Amino acid sequence: GAVVSQHPSWVICKSGTSVKIECRSLDFQATTMFWYRQFPKQSLMLMATSNEGSKATYEQGVEKDKFLINHASLTLSTLTVTSAHPEDSSFYICSARDEGKNFDEQYFGPGTRLTVT
Amino acid sequence: AQTVTQSQPEMSVQEAETVTLSCTYDTSESDYYLFWYKQPPSRQMILVIRQEAYKQQNATENRFSVNFQKAAKSFSLKISDSQLGDAAMYFCAYVDRGSTLGRLYFGRGTQLTVWP
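Just so you know, the protein sequences line up as chains A and B, in that order.
As numbered in the working numbering, the first sequence has no gaps in its residue numbers, which increase by one up to the final residue, 117.
As numbered in the working numbering, the second sequence has no gaps in its residue numbers, which increase by one up to the final residue, 116.
Wrong hints could be hidden among the right ones.
[To be verified] Heads up, incomplete: computed chain B residues facing chain A, CB under 8 Å, no partners named: (1) 43; (2) 44; (3) 45; (4) 49; (5) 91; (6) 102; (7) 103; (8) 104; (9) 106; (10) 107; (11) 108; (12) 109.
In case anyone wonders, no lab produced these hints; they're calculated from the structure.
Bear in mind that the values here come from a model prediction, so they are computed numbers and not experimental data.
Cβ coordinates follow ideal geometry from the N, Cα and C atoms, glycine included.
The following block holds chain A by itself, in its conformation from the complex (with noise of 0.2 Å):
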């Protein structure tokens, strides 16, 4: 099956650094990734969608300046979170859209825990 996966599973930082993330999907290409954001007991929020060779698409309230998303190919994108505050500590989650399949077909990543000290 196809699999995504995201490098590191977990990061502590400090505050005023920056810290990327990685998303792979391994086995298949995708154009398509998008990045989630998951605070405990709640639902996944979209924060952007990663198109590869073009700009990231955020959603209404995600600071573009400070989530910087880059899909430089077909099976990798990344997420950088800049000036790391610690309210910037969360789950996140990336997925990504196998374009040789149905166009439904969407796999996730197994998320990165991120913590600002």
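Got chain A; can you put chain B on it based on the hints?
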């Protein structure tokens, strides 16, 4: 805008019993997909079952089945013979088949507890 509503924040069931999780949605589209995802404590999202709106037959996957009522915009999940491993957060989700990007819309989730 599409919305997905799960009115049960928490549900519980005895092992081997049956439980039904509710989901309603709102859309003006006629062609779409509906999903139930499971998120166990590991937080990995797992697809449980999928329903295509143009199919009248309710989807079934082993112990999991849905009751899809298109006119009522209702999409409930029935878990039969519940097992301890079914304990998780369950999310109902919708995607418009005509959407270029295929964005998923999620409900708030239902936390399912399974008692031994």
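- request: Check each numbered hint from earlier against the structure, then list the numbers of those it violates in ascending order.
  value: Violated hint: only 4; rest satisfied.
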